[in-house]
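> For reference, the chains in residue letters:
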Amino acid sequence: MSSSPETIKKYQGRRWSSLQSQEARLAWRLLLPTALIVFSLVIFPAIFSIWISFHKVDLSNLNDVFHAPYVGLDNYKRVISDYAFKWQSWKNMGAYVTSIVYSFVSTILTIIIGLVAALLLNRPFRARGISRAIFLFPYVAPIVSVAFVWRWILDPRPSGVANDILMRLNFIDRPLGFLSTPGLALLLVIVFTGWRYFPFAMLMILARLQAIDRTLYEAADVDGASTWHKFWYITLPELRYVVGALFLLRLIWTFNKFDDIYLLTGGGFGTNVLPVLTYQFSFRLFNFGVGAAAAMLLLATLVIFLIIYVGVFMRYTEED
Amino acid sequence: MSATTYDSRPKSFIDHLAAQMSWGKFIFAIVLFFFLTSVLFPFYWMVSSSFKTYAEIGGRHPVYIPSELRWDAYKELFGYWNFQRNILNSFLVSIPTALIAVVLSTMGAYASARLKFRGKNLILNSILIIYLFPGILLIIPLFAMLAKIGAAIGFEVQDNLGILVFTYLAQTLPVALYMLANYFRTIPEEIEQAALIDGCTRSQVIWKVTLPLSVPALVSVVIYTFMIAWNEFLYALVFLNDRDMFTMPIKINTIFNDPTPRPHVVMAASTIMTIPIIILFLAMERYLTEGLAAGGVKG
Chain A
1 MSSSPETIKK YQGRRWSSLQ SQEARLAWRL LLPTALIVFS LVIFPAIFSI
51 WISFHKVDLS NLNDVFHAPY VGLDNYKRVI SDYAFKWQSW KNMGAYVTSI
101 VYSFVSTILT IIIGLVAALL LNRPFRARGI SRAIFLFPYV APIVSVAFVW
151 RWILDPRPSG VANDILMRLN FIDRPLGFLS TPGLALLLVI VFTGWRYFPF
201 AMLMILARLQ AIDRTLYEAA DVDGASTWHK FWYITLPELR YVVGALFLLR
251 LIWTFNKFDD IYLLTGGGFG TNVLPVLTYQ FSFRLFNFGV GAAAAMLLLA
301 TLVIFLIIYV GVFMRYTEED
Chain B
1001 MSATTYDSRP KSFIDHLAAQ MSWGKFIFAI VLFFFLTSVL FPFYWMVSSS
1051 FKTYAEIGGR HPVYIPSELR WDAYKELFGY WNFQRNILNS FLVSIPTALI
1101 AVVLSTMGAY ASARLKFRGK NLILNSILII YLFPGILLII PLFAMLAKIG
1151 AAIGFEVQDN LGILVFTYLA QTLPVALYML ANYFRTIPEE IEQAALIDGC
1201 TRSQVIWKVT LPLSVPALVS VVIYTFMIAW NEFLYALVFL NDRDMFTMPI
1251 KINTIFNDPT PRPHVVMAAS TIMTIPIIIL FLAMERYLTE GLAAGGVKG
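Going down the list, the protein sequences come from chains A and B.
In case it helps, this note's numbering puts the first sequence at residues 1 to 320.
In case it helps, this note's numbering puts the second sequence at residues 1001 to 1299.
Since the hints were made in silico from the structure, they are not lab data.
You may find that some hints are simply not true.
What the hints assert, rightly or not - No farther apart than 25 Å at their CA atoms in a straight line, the calculated lysine-lysine pairs in the DSS-like style are these:
1. A:Lys91 x A:Lys56
2. A:Lys56 x B:Lys1116
3. B:Lys1025 x B:Lys1116
4. A:Lys91 x A:Lys77
5. A:Lys56 x A:Lys77
6. A:Lys230 x B:Lys1025
Quick caveat, the model's predicted, so the values are computed rather than measured.
Produce the complete structure using the sequences and hints provided.
See below:
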C-alpha cells in the first residue's frame, strides 16, 4: 500500500515543499540583518519624515518627538513663503528654481564632458589605460578635498591661482571673488559638478561605445560616410538608451546633492539649493518640522519628474 | 603613432612631427591635453600647496612650484590640530563599515540571487528605491528618532562613532547587495548544483564554491564601502560635535573655516585624505572600474 504511486507522489511533494520552505527560511535568515538595518534606518525614517513635516518639531521637544503638536500644512507654508525658497527674479531665483536649474544644467554638462572623454578613450593610443585611470580621479577623490582645492584655486585674494592667471593674461584687472559673485558662483558650481562627475558618464558611455557593432562602421565606410556622419548617424543613435539612463540617474543624484554646494559656497550667493536649505532649516535654525517639509518638497519634485520621464520619454523611445 | 621603422636620414623635429600629424590627430592631442591638465591640475595644486609656508601661501602672487619641500603645514596639522586623532576616527568608522557591509551584503545577495522565496521582489525593489533617496531627507528623522531612542535606552547619539557606522551601513548595504547579487548570477548555477548533488549543504556550497569564485567582487565591495564611509560628509557633520571625535572630512571643514585662513594646512589634510584613496584605486583599478560604471559609488 505504502508504495502506491499516489503515496509516492504525495511523499515527494511534501519532501519537495519542505526543501523549498527550508530554502525560503534560509533566504530570510540571510536577508534579515540587511532588511532590519534598511528598514529601521531608511524606510521607517522616510515615513517618519512625512509625519515630522506635519508637526512642530524643534530642539525644545526633540526628546519627546512622538508627542509633537500637529500643525497641518504650516511647515509647508513656511517653506514656500520663505525668502530663500521662493522665486524673486532672475537675479535671485530662490532655492527651488536654483535647484532645478543647477541639476538640469550640470547633468547635461556632465554628460557632454563624459561623452567627449569617452570618445577620446575609445580611440587606441599608447597611454589609454593610464589616461582612463587619471580621468577617474575627480570621481573617486573625497569630495571635501576636491571642493576645498577648487575653493583655494578660486581664492579671491591675489594669491589665488585662477585670479593670478586671468590677471596675467589681462582678462581681468582686479581679483574676482569667483564663488561670492551671484551668477558666476552658480556657473562655477555647475562647472565643478561637471568636472567631478563626468567620469561616471564617461565609463557608462565608453562601455556602450565598445559594444557597438563594428560592421556598422565598416558598412558606412563602404558607403563613403564622413567621420561626422558616422558619429551622427551611428554612434549617437546607439548611445540613446545609455544617455537616457544616465540623464535620469545623474539628475536624481544631482538634485539630492548636499556636499558639493555646501562645501563650495555654503549655499550663498545665489547657489542655495533644496538640500542645503533643508539642512539650514534643520540644523541652523533647528526647526526640524520645516526642514522635513522642505525635504518632502524635494522628494515630491523628484517623483513628479520621474513620472513625467517614465510617462513621456519611455513611451517615446518605445514607439521609436 | 610609432616611428620605429622611420627612415634613418636626419630630419628636423618639426618635419618629423608634421609627417605624423593630421588635423584629426592634432585635435585629439589638444583635447586629451586639455582633459589631463584640467583633471590633474587641482591635484597638483593640492599636493604642492601642502608643502608651502604661510608666507608663500599669502603672498602677492601664487607660488607655482614650491622652492623646497616645507613641512610647516604638516607640523601644524599634527601638532596644533591633532589630526592623527581624526585619521584614527576615519579608520574606526570606515573599516567596520566595509567589513560588516561585505558580510551582510554577501548573505543577502546570495539569498536574492540563488534562493527562491516569497516577497523577494518586494525586498529587492525597496532596496533599489533607496538608491534614489535623498540623504538629506533621512537625516532629520534619523536625528530625531535616534535622539529619542538614545534617551530611552541610555546611549549618546552625538559623537558616537558606532551610530555613524550604522547609518553608513544603511547607505552602503543596498548598493553592495545589488552589485554582489549581479555578480553571483554570473556564476553558473551548475557548479553549485554539482556540489549540492555531491552532498554539500547550502552553507558549504556558499563557503567552498561561491565565495572563492567571488573574491574580485568581494574585494571591490569592500573598497567601495570603505571609500563611501571615508568620504562621507553630511551624516558626520550632523552627528559629530566634539573635535576629538571628528572624522577627517569634518575636521578639514573646521580647519578651512578657521578665522585666519590657512589653505596650506587644509591642503595638507586633504592630501593625507586623498592619497590613500587614489593609491587604493590605482592598485585595484581593474576590479573597480566596472563596478563604478554600475553605480558602485553613488556620487
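> Against this structure, judge whether each hint is valid.
Hint check results:
Pair hint Lys91 (chain A) plus Lys56 (chain A) does not hold up; C-alpha atoms about 33 Å apart against a cutoff of 25 Å. Of the supplied pair hints, the one linking Lys56 (chain A) and Lys1116 (chain B) is violated, its CA atoms being roughly 45 Å apart against a limit of 25 Å. Proximity of Lys1025 (chain B) to Lys1116 (chain B) is assessed by CA-CA distance (about 55 Å); at most 25 Å being required, the pair is judged violated. Proximity of Lys91 (chain A) to Lys77 (chain A) is assessed by CA-CA distance (about 23 Å); at most 25 Å being required, the pair is judged to hold.
A hinted pair counts as satisfied when its Cα atoms are at most 25 Å apart, and Lys56 (chain A) with Lys77 (chain A) qualifies at roughly 13 Å. Restraint check for Lys230 (chain A) and Lys1025 (chain B): the C-alpha separation of about 18 Å stays at or below 25 Å, so the hint holds.
Violated hints for the displayed structure, listed by number in ascending order: 1, 2, 3.
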